[in-house]
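Chemist: Residue numbers (my numbering), protein chains in the order written: chain B, 1 to 182; chain E, 1 to 57; chain W, 1 to 564.
One thing to keep in mind: the hints can contain errors.
[To be verified] Straight line, CA to CA, 25 Å or less: simulated PhoX-like cross-link-like pairs of lysine-lysine:
#1 Lys26(W) - Lys138(W)
#2 Lys555(W) - Lys26(W)
#3 Lys16(W) - Lys26(W)
#4 Lys57(E) - Lys110(B)
#5 Lys138(W) - Lys16(W)
#6 Lys110(B) - Lys555(W)
#7 Lys138(W) - Lys55(B)
#8 Lys181(B) - Lys55(B)
#9 Lys138(W) - Lys555(W)
#10 Lys421(W) - Lys16(W)
#11 Lys181(B) - Lys73(B)
#12 Lys71(B) - Lys57(E)
What the hints contain is simulated information worked out from the structure, not anything from laboratory work.
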Amino acid sequence: MAIHPPADRIWWNEKLTAPEVIWISVAFVWGLIMFFAMIYWHAVGDQNLSNEAYKISPEVFAERTEAMVEKYKVREEGDTGIPVVRPPAGSDIYMLGRLWEWWPILELEKGQQYRLHLSSMDWQHGFSLQPANINLQIHAGYEMVITITPSETGEYSVVCNEYCGIGHHTMVGRIYVVDKKK
Amino acid sequence: MAKSAKKAAPEPEPGDIPFMQRLLDNPFILLFIGVTVPTLIYLVWGVVEVAQIPLAK
Amino acid sequence: MAIAAVFRTCPDTGLKVHSHAENLIKANAVVAVIFLAVGGFFGLLVALTRWPAVHLLPADAFYLVLTAHGANVLLFWILFFEVAVLYFASAILLNSRLAMPKVAWGSFVLMIIGAVIANVAVLQGESSVMFTSYPPLKAVPHFYLGLILFAVGMLGAVLVFFATLVIAKDEKTYEGSVPLVTFGAITAAIIAVFTLASGAVILIPTWLWSMDLISEVDPIIYKVIWWGFGHSSQQVNVAVQVAIWYAIAAMVLGAKPLSEKVSRAAFLLYIVFLQLASAHHLLVEPGISSNWKVFNTSYAFYLAVLGSMIHGMSIPGAIEAAQRRRGLTQGIFEWLRKAPWDNPAFSGMFLSLILFGFLGGITGVVMGTEQINLIIHNTMYVPGHFHATVVAGTTLAFMAITYLLIPLIFRRELVFKRLAKWQPYLFGIGAAGISLFMMGAGTLGVPRRHWDITFTDAPLTVEMPGTAFLMMGLNGVFAILAAIGGLAYIVVVVGSVFFGKHRDEAVAKANPVIFDGGEAVTQYGSEGTIRIPGTIVLVAIFFTSFVLYYFVNWKYLSEVWPLR
Chain B
1 MAIHPPADRI WWNEKLTAPE VIWISVAFVW GLIMFFAMIY WHAVGDQNLS NEAYKISPEV
61 FAERTEAMVE KYKVREEGDT GIPVVRPPAG SDIYMLGRLW EWWPILELEK GQQYRLHLSS
121 MDWQHGFSLQ PANINLQIHA GYEMVITITP SETGEYSVVC NEYCGIGHHT MVGRIYVVDK
181 KK
Chain E
1 MAKSAKKAAP EPEPGDIPFM QRLLDNPFIL LFIGVTVPTL IYLVWGVVEV AQIPLAK
Chain W
1 MAIAAVFRTC PDTGLKVHSH AENLIKANAV VAVIFLAVGG FFGLLVALTR WPAVHLLPAD
61 AFYLVLTAHG ANVLLFWILF FEVAVLYFAS AILLNSRLAM PKVAWGSFVL MIIGAVIANV
121 AVLQGESSVM FTSYPPLKAV PHFYLGLILF AVGMLGAVLV FFATLVIAKD EKTYEGSVPL
181 VTFGAITAAI IAVFTLASGA VILIPTWLWS MDLISEVDPI IYKVIWWGFG HSSQQVNVAV
241 QVAIWYAIAA MVLGAKPLSE KVSRAAFLLY IVFLQLASAH HLLVEPGISS NWKVFNTSYA
301 FYLAVLGSMI HGMSIPGAIE AAQRRRGLTQ GIFEWLRKAP WDNPAFSGMF LSLILFGFLG
361 GITGVVMGTE QINLIIHNTM YVPGHFHATV VAGTTLAFMA ITYLLIPLIF RRELVFKRLA
421 KWQPYLFGIG AAGISLFMMG AGTLGVPRRH WDITFTDAPL TVEMPGTAFL MMGLNGVFAI
481 LAAIGGLAYI VVVVGSVFFG KHRDEAVAKA NPVIFDGGEA VTQYGSEGTI RIPGTIVLVA
541 IFFTSFVLYY FVNWKYLSEV WPLR
């Protein structure tokens with residue numbers, strides 16, 4: 001039994017039975033398939049993290065974000081005072097996380113590419129785009145750059161899904177995706 | 001009791017025991033492997049990755 | 001001999017039981033159960049707060065209780081119990097004395113002090129930093145100190161375990177190789193060394209930082225090293241729980257491994273590769289290359305998953321072989337139908353095996369796929385997954401072996417036998433429901449560690465789908481069921497330990513807990529000649545589910561916004 005020392009003093013030379021050989025082979029090959037599936041998706045898939053990132057001070061990142069807001073602000077969201085920014089397609093766009101908001105609101109065109117820069121001003125935040133359900137970790141001092149292509153029009157929420165203190169559940173933001181200007 | 005058990009299953013010569021069995025019977029070699037592999041592949045490589053993140057232009 | 005005086009001979013197994021080992025197993029197990037009760041209660045409060053219609057606690061209390069829940073069950077309950085298992089698998093199964101009992105008692109005291117200090121810090125309210133305590137979120141210094149003391153104590157217990165292996169070998173208390181269950185415990189202890197070392201490497205600087213002695217802790221480097229501790233500690237659980245599955249199958253049914261070689265090789269794959277999966281938590285982190293992510297998240301070509309899949313066949317296979325050998329050979333599943341389903345040790349073990357494999361194992365591999373993690377990371381899917389592994393898997397396995405430790409080590413008969421019979425089902429179904437509904441909510445985007453998914457106080461409105469609210473409500477319902485199951489466990493354990501009929505030799509003879517099917521079953525040697533068609537069917541069902549679920553998630557991923 002498994003609670004006693006094996007009776008055969010040399011057990012490594014035991015022969016495997018057919019079911020064991022088959023199952024181990026199947027499981028091993030399946031592991032290789034799952035491993036190479038990730039590499040395959042890097043080659044042909046459309047959803048891969050770039051892993052492009054830089055060390056950046058929160059002040060510099062905030063300056064760049066504010067510069068974008070200054071240049072491309074189109075309106076404010078209701079009476080919240082939060083700017084809505086519509087940068088040109090293909091440009092570098094910025095969103096910062098801080099206690100407790102994602103700022104500013106972005107308005108993007110469907111089917112266009114943007115280089116989205118994300119960073120935190122303070123604590124770690126979880127960028128969670130809903131209902132698309134894209135989730136990223138955002139740190140202060142590090143800037144993540146990803147190229148996104150919004151594929152559906154609509155109103156998207158950004159919630160924070162990394163605990164960041166007592167106001168965590170009020171930390172939200174928004175991205176509008178609209179049709180291309182005619 | 002130990003003696004009678006020995007009669008039932010004679011002590012094999014150390015040379016008879018296959019290499020893999022000797023490896024699996026040695027917890028300290030296993031400990032070395034089990035600490036070294038994740039330390040190098042996960043921890044050291046991981047910390048080097050983070051340390052190599054460039055400064056923003 | 002002088003040391004003979006401190007041994008008794010177990011009437012069930014004939015093994016010599018060292019009194020220090022026995023007392024330490026009792027002490028660690030009892031303390032573990034106390035932390036389970038405390039942590040489980042906090043868990044119920046968490047679930048009732050996340051049930052939108054109930055929304056029990058205010059926000060600050062919720063985050064505090066969530067932190068306390070994580071620390072008490074994920075660390076304290078599980079690691080205290082694991083110390084008990086380590087001592088059992090070394091001193092008891094090897095028929096040996098326990099090495100360095102003073103160190104073992106010192107470790108025990110240190111672990112208690114650490115756990116109590118950490119709890120005090122959390123309950124004081126200034127350390128609601130979650131189980132992960134990611135900087136720059138800062139707790140009070142004694143929060144980190146408590147965890148460090150606890151980890152040092154645990155390291156002492158692991159040292160005692162290794163020392164016991166050495167003296168058992170030197171004193172020739174056993175012949176040849178250690179039992180398979182002990183080998184599983186060695187696997188766990190090795191992973192524990194890496195785990196605790198990683199914990200020390202990162203928690204000590206973080207502690208200094210919390211006292212302003214260090215100016216900064218890099219948040220990403222913290223995460224890399226911390227998860228070497230936080231995730232690997234769960235891999236310790238996997239190794240211990242697999243060892244317990246083998247132990248229960250052996251003790252209750254006389255099952256022996258289909259092949260010592262295959263099972264031990266599978267544990268070796270754990271030793272070498274399992275810890276790499278700490279990378280599962282870093283797949284959407286900025287700046288870490290995909291080379292690192294893919295290699296680590298896949299445990300190097302999924303070799304540790306191969307280990308688990310091997311155990312997934314060899315454990316039910318061992319049970320089937322033992323059952324067939326005693327004549328339950330009708331059809332494919334008579335051996336399973338006529339298994340001792342009213343013995344909570346067996347039912348708990350088998351439920352743990354099935355739930356861990358189907359719910360915890362498959363989802364863990366899927367969410368650990370580098371790109372698929374994008375649509376799962378930090379949603380409720382994550383706690384859904386690890387409640388399948390740690391609650392339905394590990395905790396249920398620990399509960400199951402408790403039903404054997406009470407007669408064998410505490411030498412008491414179980415009280416409330418009917419309650420004990422139902423307990424694994426209550427707890428197992430509750431835990432399975434929790435896992436499934438949290439995972440369902442996660443696929444709908446519900447964030448984890450979040451007080452209010454109605455976002456009432458937020459400046460902008462956020463609409464979560466109605467189904468998500470339903471899922472969180474059902475999670476609450478099943479959490480109540482699991483809590484009842486947990487309470488039943490505690491009632492049975494406390495009742496038996498304090499009021500159970502003392503199990504002297506006459507009682508032990510009349511009411512054996514270790515399977516004794518005669519030589520035909522218990523004789524050692526390869527079980528390999530017997531056919532195991534039922535297990536092959538089970539494994540085929542498992543594999544089909546795995547493959548289908550894996551590709552379905554790639555399909556989901558392919559539908560989200562292109563990003564690179």
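Chemist: So which of those numbered hints doesn't the model satisfy?
Modeler: 1, 2, 4, 5, 8, 9 and 10
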